[in-house]
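**Student:** One letter stands for each residue in the lines below.
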Amino acid sequence: MIEILSKPWPWYIAGPLIGLTVPALLLLGNKTFGISSSMRHVCAACLPANIPYFKYDWKKEIWNLVFVAGILIGGYLAVICLQNPNEIIVNETLKTELAGYGITDFSNALIPSDIVSWENLLSFKGLFMIVFGGFLIGFGTRYAGGCTSGHSIMGLSALSLTSLIATICFMAGGFLAANVILPFILSF
Amino acid sequence: MKLIKFLITGIVFGIVMAKSEAISWYRIQEMFRFQAFHMYGIIGVAVVMGALGVWLIKKYHIRDYSGNPIAFYPKDKSVIRYLVGGTIFGMGWALSGACPGPMVVNIGYGYFAMAIVFFFAIVGTYLYGLIKDKLPH
Numbered sequence: 001m002i003e004i005l006s007k008p009w010p011w012y013i014a015g016p017l018i019g020l021t022v023p024a025l026l027l028l029g030n031k032t033f034g035i036s037s038s039m040r041h042v043c044a045a046c047l048p049a050n051i052p053y054f055k056y057d058w059k060k061e062i063w064n065l066v067f068v069a070g071i072l073i074g075g076y077l078a079v080i081c082l083q084n085p086n087e088i089i090v091n092e093t094l095k096t097e098l099a100g101y102g103i104t105d106f107s108n109a110l111i112p113s114d115i116v117s118w119e120n121l122l123s124f125k126g127l128f129m130i131v132f133g134g135f136l137i138g139f140g141t142r143y144a145g146g147c148t149s150g151h152s153i154m155g156l157s158a159l160s161l162t163s164l165i166a167t168i169c170f171m172a173g174g175f176l177a178a179n180v181i182l183p184f185i186l187s188f
Numbered sequence: 001m002k003l004i005k006f007l008i009t010g011i012v013f014g015i016v017m018a019k020s021e022a023i024s025w026y027r028i029q030e031m032f033r034f035q036a037f038h039m040y041g042i043i044g045v046a047v048v049m050g051a052l053g054v055w056l057i058k059k060y061h062i063r064d065y066s067g068n069p070i071a072f073y074p075k076d077k078s079v080i081r082y083l084v085g086g087t088i089f090g091m092g093w094a095l096s097g098a099c100p101g102p103m104v105v106n107i108g109y110g111y112f113a114m115a116i117v118f119f120f121a122i123v124g125t126y127l128y129g130l131i132k133d134k135l136p137h
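Protein chains in written order, with the numbering used here: chain A, 1 to 188; chain B, 1 to 137.
Calculated from the structure, these hints are not laboratory results. We treat Cβ as the ideally placed atom computed from N, Cα and C, and that holds for glycine. Treat the hints loosely; a few may be bogus.
Said to hold, decoys possible - FRET-style restraints, in silico, Cβ to Cβ:
1. B:His61 - A:Ser187: 54 to 60 Å
2. B:Ser78 - A:Pro183: 32 to 38 Å
3. B:Phe72 - A:Lys60: 15 to 21 Å
4. A:Leu5 - B:Pro136: 43 to 49 Å
5. B:Ser66 - A:Glu119: 48 to 54 Å
6. A:Ile168 - B:Asp133: 23 to 29 Å
7. A:Gln83 - B:Lys134: 44 to 50 Å
8. B:Lys2 - A:Ala49: 26 to 32 Å
9. A:Leu47 - B:Arg63: 34 to 40 Å
Based on the provided sequences and hints, a complete structural model is requested.
**Tutor:** Here is the structure:
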């Protein structure tokens, strides 16, 4: 059993389980599925500094921070109990492209250690991808009023037109960054 | 104790995200290069499942755990914020290879360097709060 669960789960198993999070949160606590708002709560809790956007009772939203804490524990349990013993399978075309940028280490499993690492903070491409990338996520998600969970899963589940617009733009921005900006940055 | 159900929901979500490799930098790159169906399958089926749940709740007026009617909050009706904010977010998603949920799963998974991405996402959130009123929405 553990052996089967340790293998990567196919989309048709993971998809329904992730989708069930939407009705689960609605039924368990009348809560709307969304993860990025937790970052707003962190700001409101740590450094509200009289900024109107952070002046609200974040303690009422503590469920969201608890939910995110659960996600963190989930990641830990997945690696402790169900780690895939094999190397990750990556698309051959992508592998060839990455090799051209010197990214050849696939042993770190889910994330290329050639990119997301503390050492890379000192290089231009690392700085751009992890620091600027992170910044864009935080800024963009608040500007758009939600991230993949809030718009692409929760919003689309509620048949919201604005969430569809947001999702299309997520994909457009990602497409642009992955195919145009990233190859340029990685060639440094 | 009221909060433990959210913790458990989060744990299940985190495990599924990790085991389906939806938190992987490679899976995100494959998605944005149309090299694999995997992520489209996950998101597509998740939406169908979520929509079914929302539809059933609305149709049968199902109440929550404490017996209250379930509330849905419509998102802001404007368009610009979704176009601009959405595109900015999408770029960050492809560059760092993770959106907010997977960032957190990755940290739990032991990729502590993901905490840098998370930290700067909070910085981005903060800056948005700071200049929000000057931006077109």
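**Student:** Determine which of the earlier numbered hints do not hold for this structure and return their numbers in increasing order.
**Tutor:** none
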